[in-house]
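Protein chains in written order, with our numbering: chain A, 67 to 222; chain B, 24 to 413.
Keep in mind the hints are simulated off the structure, nothing from the lab. We treat Cβ as the ideally placed atom computed from N, Cα and C, and that holds for glycine. Zero decoy hints are in this set.
Short, incomplete list of chain A residues facing chain B, as computed with Cβ under 10 angstroms:
1) Q76
2) L95
3) V153
4) P156
Once the Cα atoms are required to be at most 30 angstroms apart in a straight line, the calculated DSS-like pairs of lysine-lysine come out as:
5) K412/B x K252/B
6) K329/B x K191/A
7) K188/A x K334/B
8) K329/B x K188/A
9) K329/B x K190/A
10) K191/A x K334/B
11) K194/A x K204/A
12) K194/A x K219/B
13) K219/B x K188/A
14) K65/B x K252/B
15) K166/A x K329/B
16) K379/B x K293/B
Non-contacting residues of chain A with respect to chain B, defined by C-beta distances greater than 10 angstroms in every case (computed):
17) I96
18) V128
19) V134
20) K139
21) R218
Spelled out, the chains give:
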Amino acid sequence: MNTEELIEVQERWNIPYRHSAGRFASRFLIALRDEKKVYGVRCPRCKRVLVPPRPFCERCFVQCTEWVGVSDKGTLEGFTISYQAYVGLPTPPYASGLIKLDGADTALMHFVGGVDLSDPQKAKKAVKIGMRVEAVWKEERLGHILDIEHFRPVQK
Amino acid sequence: MPRRVALVGVGLTKTANRRKDITYPELTFEAVNNALSFTHLKPEDIDAVVYGSMDPFDGLSCPEKWNVDSCASAGVLNKPLMKISTGGTTGGSTALAGYYNVASGLFDVVLAVASQRVGETIDAQQVLNTCLEPCYERPFGFGAIMIAAMQATSHMHYYGTTEEDLARVAVQNHEHALNNPHAHLRFKLTIEEALKTRMISWPLKLADCCPSSDGACALIFASEEKAEKITSTPAWIKGAGQITDGYYLGDRTWYHEWDTLATLARRVYKSAKIYNPFKEIDVAEVYTAFSIQQILEYEALGFCEKGEGGKLLASGATSMNGSLPVCPSGSVICTNPIGASGLIRVGEAALQVMGKAEGRQVPNVKLALAHAWGATIGFHTLMILSKEKP
Chain A
67 MNTEELIEVQ ERWNIPYRHS AGRFASRFLI ALRDEKKVYG VRCPRCKRVL VPPRPFCERC
127 FVQCTEWVGV SDKGTLEGFT ISYQAYVGLP TPPYASGLIK LDGADTALMH FVGGVDLSDP
187 QKAKKAVKIG MRVEAVWKEE RLGHILDIEH FRPVQK
Chain B
24 MPRRVALVGV GLTKTANRRK DITYPELTFE AVNNALSFTH LKPEDIDAVV YGSMDPFDGL
84 SCPEKWNVDS CASAGVLNKP LMKISTGGTT GGSTALAGYY NVASGLFDVV LAVASQRVGE
144 TIDAQQVLNT CLEPCYERPF GFGAIMIAAM QATSHMHYYG TTEEDLARVA VQNHEHALNN
204 PHAHLRFKLT IEEALKTRMI SWPLKLADCC PSSDGACALI FASEEKAEKI TSTPAWIKGA
264 GQITDGYYLG DRTWYHEWDT LATLARRVYK SAKIYNPFKE IDVAEVYTAF SIQQILEYEA
324 LGFCEKGEGG KLLASGATSM NGSLPVCPSG SVICTNPIGA SGLIRVGEAA LQVMGKAEGR
384 QVPNVKLALA HAWGATIGFH TLMILSKEKP
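Excised from the complex, chain A in its bound form:
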């Protein structure tokens, strides 16, 4: 008996899910699709405008009911540039980060595009914390966070 040989049992499962976006994310995503507009909610207690919108303010633990439109322009608050490919994510390189839209108190996660990212040493000069960015909307929108294709540097 060959005791050197070790067997590996290969497994591949495909477990499908469906996630309820709920009333708040639904309204937000539908507004992206139908109005090309970004909405947040205002907390009745701390008055912060929360983007993305959510049913309750986590700080105050009160329900949010007031919807507030915010700009599709904002400031990049943090980012990274991916050079490694991952399942379910775009072909690298791509930049992603946190964008605080004008009128919002929290930042939205999204892609930063319209910049040449092929060389990291050049890309780090083109994508910077504090830079002004604006939404690039898709022509065909589906009621999805990626109805905004990405945020690009504000054209001067």
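The hints should help you fit chain B onto chain A, whose structure is shown.
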């Protein structure tokens, strides 16, 4: 009032990307068996088990079921077993659960065990990238690497930390791992070599990132009375705690600071009566999965001022010959069986206090700190181990 509790036994395993020679329960058995041998306890001496792993790295939804008999025959002896899973802090939370179980007075001897086979996940990034909720955040992939990379870009922007500073963290931990037979990556690394590795997520390169490891750890917690019978070198729990932060990554954009860890440190230092952590702590085992995090950890734990983490490392203060050696084990950047990594930090800190850390022993350790982070950097655990009874 919580009872006094000591860590009396530590069981580590060999770690590697793949342990093809053993099954998952056998990996757990290796850790538990080592912890039992360390204490000369028998399975019958264990009152309760806490078991940690982060699903679904191991490819089954209920790994505690498969591992129940490797937890000191828990299944056949009909012992109580509780499963703990809090992302990267799983191991840290498992240590806390072991401690709480004894401190509460409900059990006298508790086995805390965590095992993980990240190497059996063909693509671990799919697990990490599905840590994010699906409506707003998941399409952008902020699993572990990208969030750590964002910490790095922010630290570079606000404090001028450089790619060389990051490389220096990797280099020091690799140097330390050479002394640790339980480490996964054991090779000498230079700054030049680290800087030449391929870019993963700007500014983190391959050398700035942890590997996928198979590994396990088992610890035995005991009440004061039992601990003093079991061993002459108990590691007493002098302080411990856990902290969480809110869910949305965009609600906290100050990634150049780890303020949740700083808050937890203040709480735990207060309860442990530590006033100057840099002077009073003799060795720290922090959870450095990505190079930038050790810099942030120094700052949040009060080892230096904000923005000075890179300088502290460059000064040599945290090397094996420094005044506060950090991660003699080589940390998570050299070995990452994710759910077990936090428990390994506690085990390594305990070995230092016991004077049993062999080739990686820091001389005269009286006080050691163990840390873990998890949940897309939102959770932290801390434990302070002491040679003197608190």
